[in-house]
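S.K.: Guided by the hints, dock chains U and B onto chain S, whose structure is given.
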Amino acid sequence: MHLIKAFEEGMDGVYVAGCLEGECHFLTGNLRAKKRVEYVKGVLTTLGINPERLRMYNLSAAMGSRFVEIAREMTEMIRSLGPSPVKTGAGREFPQEQEEGEEQ
Amino acid sequence: MKTESRLEKVLEKGEFAVTSECGPPRGADPDLIRKKGELLKGVVDAVNVTDCQTSVVRMSSLSCCLILKEMGFDPIVQMVTRDRNRIAIQSDILGAAALGINNILCLSGDHQRFGDHPQAKNVYDIDSIQLIMTVKQMRDEGKFLSGEELTKVPRLFIGAAANPFADPFEIRALRLAKKVAAGAQFIQTQCIYNLKRFEEWMHRVVDMGLHEKVCILAGVTPMKSVGMARYMKNMVPGMDVPDEIIERLKGVPKEKQGEEGIKICIETIQRLREMEGVRGVHIMAIEWEEKVREIAEGAGLLPRPRI
Amino acid sequence: MIVAQAKPIEEILEMIDKYDKILLVGCKGCVAVCAAGGEKEVQFLASAIRTARKTQGREIEIREVTLERQCDPEYVEQIRGFAGDYQAILSIACGVGVQFMAEHYREIPALPGLNTSFMGGALEQGVWSERCQGCGNCVLHLTGGICPITRCSKSLLNGPCGGSSNGKCEVDPEVDCGWQLIIERLKALGEFESRFMEIVPIKDWSTSRDGGPRKIVREDMRQ
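Chains as they are written, first to last, in this note's numbering: chain S, 1190 to 1293; chain U, 2 to 308; chain B, 116 to 338.
So that you can see chain S by itself, here it is in the shape it has in the complex (with noise of 0.2 Å):
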């Protein structure tokens, strides 16, 4: 949900940082994550919001300049894509996907 209302909320991009897999404290609450993140980049994809704007990324806390890195290339990966349409009003980042069996 905190995903999708960063989104509505006119977030240009939004990352999660997750625990190296096989490491998490909780034990499966990285996969969990993961699984979420796909599920809401699927949401986004059918209103046409480009889904690279939501990334995971797996680090450990001690990772520092991994976390500078992931930092970096997000922020220019989001300043490449441009203002979220959810900010413009400017309608679907690509066009909609044909329906399976329609002719291209």
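These aren't lab readings, by the way, just hints derived from the structure by calculation.
Because the structure is a prediction, the values reported are computed rather than measured.
Note that the Cβ used here is the ideal one computed from N, Cα and C, for glycine as well.
Worth double-checking, as some hints may not be accurate.
[To be verified] Taking lysine-lysine and the DSS-like style, the derived pairs with C-alpha atoms no more than 25 Å apart in a straight line are:
#	chain 1	residue 1	chain 2	residue 2
1	U	Lys122	B	Lys283
2	B	Lys136	U	Lys122
3	B	Lys283	U	Lys197
4	S	Lys1276	B	Lys136
5	S	Lys1223	B	Lys155
6	S	Lys1230	B	Lys155
7	U	Lys10	U	Lys197
8	S	Lys1276	B	Lys133
9	U	Lys197	U	Lys153
10	S	Lys1194	B	Lys133
11	S	Lys1194	B	Lys155
12	S	Lys1194	B	Lys136
[Said to hold, decoys possible] Label-pair restraints from in silico Cβ distances:
#	chain 1	residue 1	chain 2	residue 2	range
13	B	Arg300	S	Lys1276	56 to 64 Å
14	B	Glu192	S	Leu1270	41 to 49 Å
15	U	Gly73	B	Cys247	29 to 37 Å
16	B	Arg195	S	Glu1212	35 to 43 Å
17	B	Pro123	S	Glu1212	32 to 40 Å
M.R.: Just chains U and B now, kept in the frame of chain S:
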């Protein structure tokens, strides 16, 4: 109760019976079924017409049976419970008998997911065993399922299907026993390639004494090619095709595979004739009806006895 | 419980396209358990709809409410005070809830946000499977507690058809052959001999939906 069925008479006489089947056309042309009929003249004691097999819409079994009857055949109308409720079923039973059809094969029918109209509502008001009971009740007691009397009984020789190769194996003979208890008088089995497994099933059937209560017609289908054999082995549920058959077909060049398939079929029939309890053979040559005569001849089944 | 699934969001957006002020009502009953229409789902759906509208440069006002159940007049009445302020009620309860909304709030269109599918239970978290068809005449004591109407694709009452293969139904390799399950269970209970060989007579379907829409009345419980 005895019927006018030629099949029943042939079996009564102790002769080894031969039946085959015709698949109806996907359109309203009666000549297509007549042509298939021509190929079977003098070859069979009775002929089945399938009822929207694999849930694909075709001309109705009952109408094709009438066309074949006019050509001099003794048709077997197949009725599935997938598409009709008990009202329509009892109605069609009366109709078949009135048109002079003497045999009925009672089936549940392939689920509509297989066919060309998977969105259809499925009926399955009654199952195949209950259908057998229905025909028997109408014929022997003269009553509808509601208990009320009907005015003239339908005299039909009742048949059912059996698949010795479906799972679970142990209960297949028991399921046959149930059909016999319900009133089945003849059985047509799924086509046989694994003779060993079929023999096992027949042993159980004979042990239970069922072979004396019902006439079992063993099903056979000639393989047209190794491709067909592979398809049937892997894609058709309830079908057992041993590797030896595939190897045998692989061992001959493509143009000769059909011939080999027919040879295998004839050999199978010869083995089946020797098995206790097997009272006849049901030759299913789907879209290859022209080969039925050759198979029957090769297996020494012609000419058919005079009745 | 009743198991339902969210309608595709495109379908919902199309349904509400002409409205800009809607009441989104969830349910804490069955649909919350199968994660289709509970409070969390109300919040998510409302946010997704607003996001979609903003993307189009449009607005929509959504009031989010989650009722205890939508199949009881007592709870359905709880929105009486403000329902009239909205152009439509988008209900993400099961089909029963949507209909109760429509019956109680006659002037407001009631829209279904879910596709209600079946009566079933959870096999594991996130997986629900059909178990009951509501035939109105339960015979589970005769089949080892496994329903032949529901679990057999053909609703056969007298044992497996010829399409049963490796314990699976010919219709779908993921679907168990209901009769294989029944036979195994009867054997485990020592009831196989007594139950399997008996021919089960034709079912009276008039107690099921085939007999027409049904109603149950308990006089001892009426006011």
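S.K.: Holds or violated: the 41 to 49 Å window for the beta-carbon distance between glutamate 192 (chain B) and leucine 1270 (chain S)?
M.R.: For leucine 1270 (chain S) against glutamate 192 (chain B), whose Cβ atoms are near 48 Å apart, the range 41 to 49 Å holds.
S.K.: For the pair arginine 195 (chain B) and glutamate 1212 (chain S), does the Cβ-Cβ distance stay inside 35 to 43 Å?
M.R.: violated, 52 Å
S.K.: Keeping to a limit of 25 Å between CA atoms, is the pair of lysine 1194 (chain S) and lysine 136 (chain B) held or broken?
M.R.: Within the cut-off at roughly 19 Å; holds.
S.K.: Checking one constraint from the list: CA of lysine 1276 (chain S) to CA of lysine 136 (chain B), max 25 Å. Satisfied?
M.R.: holds, 21 Å
S.K.: Does the structure keep lysine 1194 (chain S) and lysine 133 (chain B) at a Cα separation of 25 Å or less?
M.R.: Holds, because 23 Å separates the two Cα atoms, which is no more than 25 Å.
S.K.: Check whether the Cα positions of lysine 1276 (chain S) and lysine 133 (chain B) lie no farther apart than 25 Å.
M.R.: Holds - the C-alpha atoms of lysine 133 (chain B) and lysine 1276 (chain S) are around 22 Å apart, at most 25 Å.
S.K.: Does lysine 122 (chain U) lie within 25 Å of lysine 136 (chain B) when you go C-alpha to C-alpha?
M.R.: violated, 39 Å
S.K.: Under the criterion that the straight-line Cα-Cα distance not exceed 25 Å, is the pair lysine 122 (chain U), lysine 283 (chain B) satisfied?
M.R.: holds, 22 Å
S.K.: Would the hint linking lysine 1230 (chain S) and lysine 155 (chain B) be met if the CA-CA limit is 25 Å?
M.R.: Status holds; Cα separation ~18 Å.
S.K.: Hinted pair, alpha-carbon criterion (25 Å max): lysine 1194 (chain S), lysine 155 (chain B). Please report holds or violated.
M.R.: With Cα atoms ~12 Å apart, lysine 1194 (chain S) and lysine 155 (chain B) stay inside 25 Å; holds.
S.K.: Holds or violated: lysine 1223 (chain S) with lysine 155 (chain B), Cα cutoff 25 Å?
M.R.: holds, 18 Å
S.K.: Keeping to a limit of 25 Å between CA atoms, is the pair of lysine 197 (chain U) and lysine 153 (chain U) held or broken?
M.R.: Measuring from Cα to Cα gives roughly 45 Å; hence the hint is violated.
Violated hints, listed in ascending order, are 2, 7, 9, 15, 16; each of the other numbered hints is respected by the structure.
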